[in-house]
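Undergrad: Protein chains in written order, with the numbering used here: chain C, 1 to 141; chain U, 1 to 141; chain R, 1 to 141; chain D, 1 to 141; chain E, 1 to 141; chain W, 1 to 141.
Calculated from the structure, these hints are not laboratory results.
Just so you know, not all the hints are guaranteed correct.
Claimed, not checked - DEER-style ranges, computed between Cβ atoms:
(1) C:E62 to R:L115: 33 to 39 Å
(2) W:N68 to C:G120: 35 to 41 Å
(3) C:W27 to U:G37: 53 to 59 Å
(4) D:E113 to U:N68: 42 to 48 Å
(5) C:V71 to U:P116: 52 to 58 Å
(6) C:K5 to E:N77: 24 to 30 Å
(7) C:G140 to R:H117: 55 to 61 Å
(8) E:G120 to C:S26: 55 to 61 Å
(9) R:L115 to D:V81: 36 to 42 Å
(10) U:P42 to E:I58: 53 to 59 Å
(11) C:G120 to U:G37: 30 to 36 Å
(12) R:G120 to E:S78: 33 to 39 Å
Stated by the list, open to error - Derived DSS-like pairs (lysine-lysine); straight-line CA-CA distance at most 30 Å:
(13) C:K97 to C:K5
(14) W:K5 to W:K122
(15) C:K122 to E:K38
(16) W:K38 to W:K13
(17) D:K83 to U:K31
(18) C:K56 to W:K122
(19) R:K13 to U:K122
(20) D:K5 to U:K97
(21) R:K73 to R:K5
(22) D:K83 to D:K97
(23) C:K13 to C:K38
(24) U:K73 to D:K83
(25) W:K83 to E:K56
(26) C:K13 to D:K83
(27) R:K70 to E:K73
(28) E:K70 to R:K83
(29) E:K83 to E:K56
(30) C:K97 to W:K56
(31) D:K122 to D:K97
(32) D:K56 to D:K122
(33) D:K13 to D:K73
Glycine included, each C-beta is placed from N, C-alpha and C at the ideal position.
Number of protein chains: 6
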Amino acid sequence: MESEKGLVYVTRKLHFNAAHKLYNPSWSDEKNFEVFGKCSNPNWHGHNFDLYVTVKGIPSPETGFVINLKVLKDIVNSVIVDKIDHRNINLDVDFMKGKIATIENLAIAMWYELLPHLHGVKLHCIKIYETERQFVEYFGE
Amino acid sequence: MESEKGLVYVTRKLHFNAAHKLYNPSWSDEKNFEVFGKCSNPNWHGHNFDLYVTVKGIPSPETGFVINLKVLKDIVNSVIVDKIDHRNINLDVDFMKGKIATIENLAIAMWYELLPHLHGVKLHCIKIYETERQFVEYFGE
Amino acid sequence: MESEKGLVYVTRKLHFNAAHKLYNPSWSDEKNFEVFGKCSNPNWHGHNFDLYVTVKGIPSPETGFVINLKVLKDIVNSVIVDKIDHRNINLDVDFMKGKIATIENLAIAMWYELLPHLHGVKLHCIKIYETERQFVEYFGE
Amino acid sequence: MESEKGLVYVTRKLHFNAAHKLYNPSWSDEKNFEVFGKCSNPNWHGHNFDLYVTVKGIPSPETGFVINLKVLKDIVNSVIVDKIDHRNINLDVDFMKGKIATIENLAIAMWYELLPHLHGVKLHCIKIYETERQFVEYFGE
Amino acid sequence: MESEKGLVYVTRKLHFNAAHKLYNPSWSDEKNFEVFGKCSNPNWHGHNFDLYVTVKGIPSPETGFVINLKVLKDIVNSVIVDKIDHRNINLDVDFMKGKIATIENLAIAMWYELLPHLHGVKLHCIKIYETERQFVEYFGE
Amino acid sequence: MESEKGLVYVTRKLHFNAAHKLYNPSWSDEKNFEVFGKCSNPNWHGHNFDLYVTVKGIPSPETGFVINLKVLKDIVNSVIVDKIDHRNINLDVDFMKGKIATIENLAIAMWYELLPHLHGVKLHCIKIYETERQFVEYFGE
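The whole structure should be built from the sequences, with the hints applied where relevant.
TA: Structure below.
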């Protein structure tokens with residue numbers, strides 16, 4: 001079937017519910033509280049995180065898809081979401097070991113987890129909402 | 001100033017971010033996992049909880065308010081939100097001690113925490129969203 | 001066509017953008033500021049108000065409708081929304097003259113504006129959001 | 001574990017994407033267009049429907065649950081959602097055969113589909129959003 | 001009136017409710033089901049589509065507008081929305097004839113429909129949400 | 001602590017409720033109504049404005065932050081939000097004096113208000129929603 005050609009950006013939203021704390025282990029509890037406030041609570045707190053994965057490519061003439069979003073969803077779930085959903089980001093997630101559990105670091109780490117699993121499309125953005133009021137984006141720069 | 005009289009229901013939305021796990025301490029970990037699934041993860045998980053507090057009353061002729069919502073917000077914050085926001089519901093929250101940390105139990109507990117602090121209005125409903133997809137309401141019945 | 005019979009509640013959401021201030025003209029500016037805070041700003045402020053009108057009735061066997069929602073929308077627009085959208089609630093809206101411009105008073109006033117224009121269905125609720133965080137409901141009680 | 005007793009209302013949101021048209025087969029196309037407008041388009045149109053199922057009961061002392069929401073979700077999916085999601089409501093859905101495909105009729109029909117499958121809780125409400133601006137509720141009255 | 005100069009991106013959201021199916025007519029039904037799953041249902045399904053049109057330009061010193069958004073809305077409605085709202089994308093929409101009815105192809109087609117009707121501003125992006133969880137963007141690249 | 005390096009975009013959402021009118025004082029009321037329609041209502045109207053401030057930078061190895069979002073929030077509140085929230089944009093806001101009160105002009109003005117107060121990060125975008133259906137973005141171009 002015929003269509004105009006063009007580069008299209010395709011996004012799938014996923015979500016995960018996780019516990020974390022913002023905490024630098026080389027600092028005292030007092031220093032951590034001073035920098036991170038109540039986000040450093042030793043007994044953890046948590047969020048409903050929203051994750052947006054954007055890829056780009058030219059739609060296939062045969063399917064009209066840049067990528068089958070069911071396939072993209074399955075990849076992101078197996079590579080990222082299944083490892084972090086209903087977990088503790090500081091304790092349970094291998095790709096966050098040794099890193100401070102901010103969404104900045106999470107976005108960069110998820111980019112590098114996901115990249116080797118995407119074929120035929122280009123990863124464009126990892127966007128993470130921690131709350132409705134704060135979110136980060138990483139474009140691989 | 002003159003207005004028609006009438007009973008109006010007034011709602012204030014608040015929110016808190018907290019960690020919890022669903023866990024019955026009289027059961028084995030296996031039994032907990034069987035009943036609660038990944039919600040029983042020993043290292044916790046968490047949510048952005050939305051809390052809606054509804055009161056009812058007749059608007060004052062002098063202010064047009066059933067209750068000044070800034071006052072209601074301050075009461076709910078000091079009695080409930082400040083004790084649970086950025087905390088662990090199972091470990092840190094006095095009014096949830098000895099209870100399973102479901103939002104059903106949370107709604108009932110919050111009702112009884114808040115009730116003695118409301119004067120001149122009638123508490124109508126405590127509504128809690130755990131995720132966008134699941135929520136509970138308690139009307140004091 | 002045959003269907004089970006039953007009483008169904010039908011809701012239409014509308015919206016209007018308006019200016020207002022919370023101000024009791026029998027008080028001084030200082031007293032108004034003390035009670036209403038920044039909501040008493042003499043030069044006004046404003047909101048995107050969401051309005052939900054709920055009616056109830058038994059769906060017609062011929063249409064499956066309790067009421068044609070296009071008809072309900074047109075009634076609410078002509079009776080309420082066209083008089084308040086992009087207006088000043090304190091200065092421009094006849095049915096709010098002499099009343100303090102709270103959403104409590106607004107909900108009651110809108111109920112009595114709308115009631116005579118609804119036929120064949122029963123008005124159940126007027127719900128108004130002033131912000132995402134605060135809303136009121138009036139059920140004609 | 002001990003908690004205050006109380007009747008709690010528990011809601012699970014689900015969704016389905018379906019095609020339909022509003023059409024009374026005992027009428028001409030012209031009459032259908034006159035009553036239903038563009039919603040009678042012979043080649044169908046469609047929506048992302050949101051479905052909220054509310055049940056009520058007393059939380060179990062052992063689980064803190066009125067009902068395990070995973071169980072409720074599975075029941076609603078197998079009894080309702082799997083039969084209507086990505087389908088044509090007029091042509092493909094057995095429990096809507098011979099009924100006009102309004103959300104009023106849909107809510108009543110879903111109530112009677114779901115009722116025999118719920119045990120230990122009381123069905124309270126079926127709420128369906130057709131668009132963000134219009135929704136219906138059925139309480140079994 | 002004087003303001004700093006600058007290039008501003010202005011977006012108007014619109015929406016349409018339509019039926020479609022994902023289906024390549026050069027394939028068997030079985031092959032279509034294999035590739036598109038339940039989205040290939042022969043009797044159609046549908047969505048509430050959200051459409052965001054973004055243009056860019058320098059605000060006029062006389063109006064403070066890049067473009068009067070009422071004008072932009074009227075253009076997009078007459079050129080795009082009126083042709084697709086409450087229609088079947090595969091059967092009823094001229095600019096989608098001979099194309100697979102994905103939102104990728106839809107975004108590209110809408111770009112070329114809209115482009116000749118915009119004067120004095122530059123079209124920047126067509127963004128379409130099919131569900132809250134999946135959307136595409138086309139920037140004319 | 002070690003993490004991959006990378007440039008991350010961080011966004012904080014804030015909001016303000018304000019009155020305004022779209023009005024060019026060098027025109028007659030009739031001309032203003034012709035161009036701006038009901039937005040030129042002499043007695044004002046208002047909105048719940050949403051404001052998104054995006055900055056970019058490389059997360060600190062010590063905190064995992066591009067910027068502490070509490071710090072960013074406090075800066076934006078003191079430099080912008082406190083001056084416009086619950087105010088009249090045309091009458092009360094110094095940085096909008098002599099400008100037409102569109103969100104295009106508002107976004108540019110806020111950029112230049114905020115810029116001198118940000119250190120160690122680069123301001124990337126000011127995004128303002130006037131309603132859910134219309135918003136603008138300014139990137140300092």
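Undergrad: Taking the hints in turn, state whether each one holds.
TA: A quick look at each hint next to the structure:
1. Checking the proposed 33 to 39 Å range against E62 (chain C) and L115 (chain R) shows it is violated: the Cβ atoms sit about 59 Å from each other.
2. At about 40 Å, the CB distance of N68 (chain W) to G120 (chain C) agrees with the hint of 35 to 41 Å.
3. About 36 Å separates the C-beta atoms of W27 (chain C) and G37 (chain U), a value inconsistent with the hinted range of 53 to 59 Å.
4. Range check, E113 (chain D) to N68 (chain U): Cβ separation about 46 Å, and the 42 to 48 Å hint holds.
5. Separated by about 55 Å at the C-beta atoms, V71 (chain C) and P116 (chain U) satisfy the suggested range of 52 to 58 Å.
6. For K5 (chain C) and N77 (chain E), the hinted distance range of 24 to 30 Å is satisfied, since their beta carbons lie about 27 Å from each other.
7. At about 58 Å, the CB distance of G140 (chain C) to H117 (chain R) agrees with the hint of 55 to 61 Å.
8. Distance hint for G120 (chain E) and S26 (chain C): a CB-CB separation of about 57 Å, consistent with the stated range 55 to 61 Å.
9. Our hint of 36 to 42 Å for L115 (chain R) and V81 (chain D) holds, since their Cβ atoms are close to 38 Å apart.
10. With their beta carbons about 58 Å apart, P42 (chain U) and I58 (chain E) fall inside the hinted range of 53 to 59 Å.
11. Checking the proposed 30 to 36 Å range against G120 (chain C) and G37 (chain U) shows it holds: the Cβ atoms sit about 35 Å from each other.
12. Under the hint 33 to 39 Å, the C-beta atoms of G120 (chain R) and S78 (chain E), about 35 Å apart, fit the expected range.
13. Distance hint between K97 (chain C) and K5 (chain C) is unfulfilled; the C-alpha atoms sit about 43 Å from each other, more than 30 Å.
14. Proximity of K5 (chain W) to K122 (chain W) is assessed by CA-CA distance (about 17 Å); at most 30 Å being required, the pair is judged to hold.
15. Note on K122 (chain C) and K38 (chain E): the hinted pairing holds, with a Cα-Cα distance of about 27 Å set against a maximum of 30 Å.
16. Distance check on the hinted pair: K38 (chain W) and K13 (chain W) sit about 28 Å apart at the alpha-carbon level, within 30 Å; holds.
17. Taken as a hint, the K83 (chain D) and K31 (chain U) pair is broken in the structure, with Cα atoms around 33 Å apart against an allowance of 30 Å.
18. The straight-line distance between the Cα atoms of K56 (chain C) and K122 (chain W) is roughly 26 Å, inside the 30 Å bound, and the hint therefore holds.
19. Distance check on the hinted pair: K13 (chain R) and K122 (chain U) sit about 27 Å apart at the alpha-carbon level, within 30 Å; holds.
20. As the CA atoms of K5 (chain D) and K97 (chain U) are separated by approximately 15 Å, the hinted pair is consistent with the 30 Å bound.
21. The suggested pairing of K73 (chain R) with K5 (chain R) holds, with an alpha-carbon distance near 25 Å, which does not exceed 30 Å.
22. Simply put, K83 (chain D) and K97 (chain D) have alpha-carbon atoms about 12 Å apart, close enough for the 30 Å limit, and the pair holds.
23. Taking the CA atoms of K13 (chain C) and K38 (chain C), the gap is about 28 Å. The hint holds against a cut of 30 Å.
24. The suggested pairing of K73 (chain U) with K83 (chain D) is violated, with an alpha-carbon distance near 44 Å, which exceeds 30 Å.
25. Between K83 (chain W) and K56 (chain E) the alpha-carbon distance is near 28 Å, which keeps this suggested pair within the 30 Å criterion.
26. Straight-line distance between C-alpha atoms of K13 (chain C) and K83 (chain D) comes to about 25 Å, which keeps the hinted pair within the 30 Å bound.
27. A hinted pair counts as satisfied when its Cα atoms are at most 30 Å apart, and K70 (chain R) with K73 (chain E) qualifies at roughly 21 Å.
28. For the hint linking K70 (chain E) to K83 (chain R), the alpha-carbon distance of about 20 Å falls within 30 Å, and the restraint holds.
29. Distance restraint check for K83 (chain E) and K56 (chain E): the Cα-Cα separation of roughly 25 Å lies within the 30 Å cut-off, and the hinted pair is therefore satisfied.
30. The hinted pair formed by K97 (chain C) and K56 (chain W) meets the criterion: a straight-line CA distance of about 24 Å does not exceed 30 Å.
31. A threshold of 30 Å between alpha carbons decides the hint, and for K122 (chain D) with K97 (chain D) the separation of about 27 Å falls inside it, so the pair holds.
32. About 5 Å separates the Cα atoms of K56 (chain D) and K122 (chain D), which keeps this hinted pair within 30 Å; it holds.
33. Pair hint K13 (chain D) plus K73 (chain D) holds up; C-alpha atoms about 9 Å apart against a cutoff of 30 Å.
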